[in-house]
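Enquirer: Each chain is listed here by its residues.
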Amino acid sequence: MMYPKESNEVSSFMLHQTVISAKVGTSTFMEALAANGTTNIQTSVTGVTASKRRFIDDRRDQPFDKRLRFSVRQTESAYRYRDIVVRKQDGFTHILLSTKSSENNSLNPEVMKEVQSALNTAAADDSKLVLFSAVGSIFCCGLDFIYFIRRLTDDRKKESTKMAEAIRNFVNTFIQFKKPIIVAVNGPAIGLGASILPLCDVVWANEKAWFQTPYTTFGQSPDGCSSLTFPRIMGLASANEMLFSGRKLTAQEACAKGLVSQVFWPGTFTQEVMVRIKELVTCNSVVLEESKALVRNIMKVDLEQANEKECEVLKKIWGSAQGMDSMLKYLQRKIDEF
Amino acid sequence: MMYPKESNEVSSFMLHQTVISAKVGTSTFMEALAANGTTNIQTSVTGVTASKRRFIDDRRDQPFDKRLRFSVRQTESAYRYRDIVVRKQDGFTHILLSTKSSENNSLNPEVMKEVQSALNTAAADDSKLVLFSAVGSIFCCGLDFIYFIRRLTDDRKKESTKMAEAIRNFVNTFIQFKKPIIVAVNGPAIGLGASILPLCDVVWANEKAWFQTPYTTFGQSPDGCSSLTFPRIMGLASANEMLFSGRKLTAQEACAKGLVSQVFWPGTFTQEVMVRIKELVTCNSVVLEESKALVRNIMKVDLEQANEKECEVLKKIWGSAQGMDSMLKYLQRKIDEF
Amino acid sequence: MMYPKESNEVSSFMLHQTVISAKVGTSTFMEALAANGTTNIQTSVTGVTASKRRFIDDRRDQPFDKRLRFSVRQTESAYRYRDIVVRKQDGFTHILLSTKSSENNSLNPEVMKEVQSALNTAAADDSKLVLFSAVGSIFCCGLDFIYFIRRLTDDRKKESTKMAEAIRNFVNTFIQFKKPIIVAVNGPAIGLGASILPLCDVVWANEKAWFQTPYTTFGQSPDGCSSLTFPRIMGLASANEMLFSGRKLTAQEACAKGLVSQVFWPGTFTQEVMVRIKELVTCNSVVLEESKALVRNIMKVDLEQANEKECEVLKKIWGSAQGMDSMLKYLQRKIDEF
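Residue numbers (full-length UniProt numbering), protein chains in the order written: chain A, 1 to 338; chain B, 1 to 338; chain C, 1 to 338.
Since the hints were made in silico from the structure, they are not lab data. Please note: incorrect hints may appear among the correct ones.
Copies of the same chain look alike in the list, so a pair counts if it fits in one copy or across any two.
With a Cα cut of at most 27 Å, we get these calculated DSS-like pairs of lysine-lysine [as the list claims (entries may be wrong)]: (1) K315 to K88; (2) K315 to K208; (3) K300 to K334; (4) K179 to K315; (5) K88 to K309; (6) K158 to K88; (7) K309 to K178; (8) K315 to K113; (9) K100 to K309; (10) K278 to K248; (11) K334 to K178.
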């Protein structure tokens, strides 16, 4: 197992945490790893100001009980969520995809429910905004096809309705969320993982991230309101090339087309994001919410309708023999490629 | 007459076709030339996969009756249409502007009716999509001013109504078309030739193409729903610069502003387009139509209204002495330039 | 006092004007300076065509009465307006911000009323369009905070209503204006100075200009319909980065994102703008107005609603102790920076 050089201090610290977590009784090595990803991100960020770095360094020499308290807080999140990591920070909530019930941070109803639950908590507490990102080198690979196909094979009619419903609710949670959602796209964002971005407010991307919505390729129609938001953001010609032809955009291209607010170099990505987040949380929370309402309310009805219609079509396609067949063929091709 | 080297085999083949077409009795040399343009494009494309190239090469040694059958199919299109070439292909319909009743693929009611008729046929048959392009080095120079002025001089009030009506119907055919329309812009797209692009779904452009809507210069107001689509696609500042100041965009600029999906080098343009078209026609036709419906339906009413209003204004301007005068002055300036 | 070399002839001419203005009785040296700025711009522009340059040169040798007539026309504008310079030209009206009641061309109710008055005059006379720019190196720094805070400290409830009302009316004048408004952004455009741009029709910017709407930073919500226009023009991700995070855009970036139509080099900026303005005023005025109506009318209701809602929120924020506090803190920080 390799750690980047800069997080050496953290990795040694994490070993402690793993042991402690194990004593608490619910944590596995995987969970520690997930938590590690988080801590890792934050360490590199807290390194921005020299004073904070000193604080981290000092902490290594602090008495054991302080460390314990910290790791317990980490563990609470790990206890409550399996597929995401949630860190309540000063003024904001950080939600990170780190799925264990799916591969590559892909979305099944269980992952989606956890994100919805974390968003609902952040809506009710004193968080001024939500930072949404992912642990590892992938942001989100869209729908968890393995999960979906398994279910559809059981009972196509019933399961296609349930699946469409799960997506509808997940997407609607983003539409209705009143506090700003800032996304830090750390890596590839595919399908629903890309289409959900315009439902968030500011999108900062790592240079290494890329964006693709190859819906027609796997016999699916657009989701996440992309049939509405993509044309509005980048014009019909570009939107349709993504939605129909599955064109892949680099981070820079996605930025030029308006899907991404700004692109940062991998080396300083988390740092750049965190500096801006800390600036944002100094703002008046009423001003942030009212500003978001001004920007969003005019398109809310359109978004709700787009979500409804998209999920209607998905249900119809998944409920048909032809739709199932396209999805299976796509998966078969993907398996054959490896 | 010069042919590019790569189409030598086709040109010799075309000579046969010209002779045969002549026997059918309706074809002229110009028609053969138009058909030639088409075949030419397809030959260079079929060259993409080695196996298909072999097929073409073999064909040169095939018995004459096979060639006859092929040329008759070509001739059917030539028989039915004068100003366009229509090629029904596997999974899609290829419509090419190749006007004989106007210069530079410009649009008069007769050309427009042929395009509408070809679109209606493609809507009803098993085509999954339509590929729309043009023969030669020009895509479409907008309205056929020579035709329009000739008519307006006869009976301004009556003809301005008829002209506006022809444009209204032409534009509406694009608005209502349910299958994806892919445009391959081979050269300059001016006026209605440019404004119609956002009514299509994917727009691929040759590096050499350029885009201009100098409406105010010839005393006209926007058409083809550009008063609605251009601001939505590229923002008001850029849209108005095109609509008011007649700013000319290069293919790269049009791509950066969202009017064009992607730009390809002249040498590989048809090839790149055809590879993507062939990929697209492997998709489920229900998925393609449903996806287009999701993207388009939300803006359909707006497009219909924009079309109605634009044509109302055009009728009013063309019906006025001042409007006629502006158009005549513009033509005079153009003639003086040569 | 320094003049750029090219305007030497003007500056000597302006001395005359100052004397004459002084006789009229209302002009101060500052007013002459403002008018000078205008004349300066126009001189460099009229230099575009050699024939016109000759005209200017000749004018230096013309008898005094001609100069007198010209300077009186200048003085009329100076007499009528304190914070703007208005030049009625052949076919258009040139309105320049040149505030004396505020710093950096920032907007208080008095400045706004003058702009509205000049727009109303241009709406009624034979101007085909309005050219909107500013004297000096700054375009417009948004709201005049010093003015606003002074008033809010007096009577928060009453003054916040009055202020919101002033902005509402100012913005609405732009929304309702029927002739094209072309903006030449000579320098920084901040807050309302930037958000008003999409309510104009064509936006040409000097390379040196930059654009910023740091509303949340000074505890304010979006104004000038930017909550509607910014997302429509540049997509949500970029718009929100400007509206929430106060990201500053260079002229080139603003152009890439669609806020600006085209960027020109400082050395030829006025020249490039004037060439295009002169081209535009050769167009039929009916065509210009009808074209603007086609582009604008579909979004007019949305703009009116956005303006209403934005001003409602501003009134609410300014009327609260917290809102006042944020604004004061921001000003304090700004003062501390110097």
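Enquirer: Against this structure, judge whether each hint is valid.
Expert: The hints, checked one at a time:
1. Taking the shortest alpha-carbon separations for K315 and K88, neither the intra-copy value of 36 Å nor the inter-copy value of 33 Å comes in at or below 27 Å.
2. In this assembly of identical chains, K315 and K208 lie within 27 Å of each other by CA distance neither inside one copy nor across copies; the values are 34 Å within and 44 Å between.
3. In the homo-oligomer, the alpha carbons of K300 and K334 never lie at most 27 Å apart, since the shortest distance is 36 Å inside one protomer and 37 Å across protomers.
4. Taking identical chains as interchangeable, the C-alpha atoms of K179 and K315 lie at most 27 Å apart only when they sit on different chains, with a minimum of 21 Å there against 30 Å within one chain.
5. Taking the shortest Cα distances, K88 and K309 never come within 27 Å of each other, neither inside one copy (35 Å) nor across copies (33 Å).
6. Taking the closest pair of Cα atoms, K158 and K88 never come within 27 Å of each other, the shortest separation being 38 Å inside a single copy and 40 Å across copies.
7. For the homomeric pair K309 and K178, the shortest alpha-carbon distances inside one copy (23 Å) and between copies (17 Å) are both at most 27 Å.
8. Taking the shortest alpha-carbon separations for K315 and K113, only the intra-copy value of 19 Å comes in at or below 27 Å, while the best inter-copy value is 39 Å.
9. For a Cα distance limit of 27 Å, the shortest separation of K100 from K309 qualifies neither inside one copy, at 31 Å, nor across copies, at 44 Å.
10. Proximity of K278 to K248 under the C-alpha cut-off of 27 Å is restricted to the inter-copy arrangement: shortest distance 18 Å between copies versus 32 Å within a copy.
11. For a Cα distance limit of 27 Å, the shortest separation of K334 from K178 qualifies neither inside one copy, at 39 Å, nor across copies, at 31 Å.
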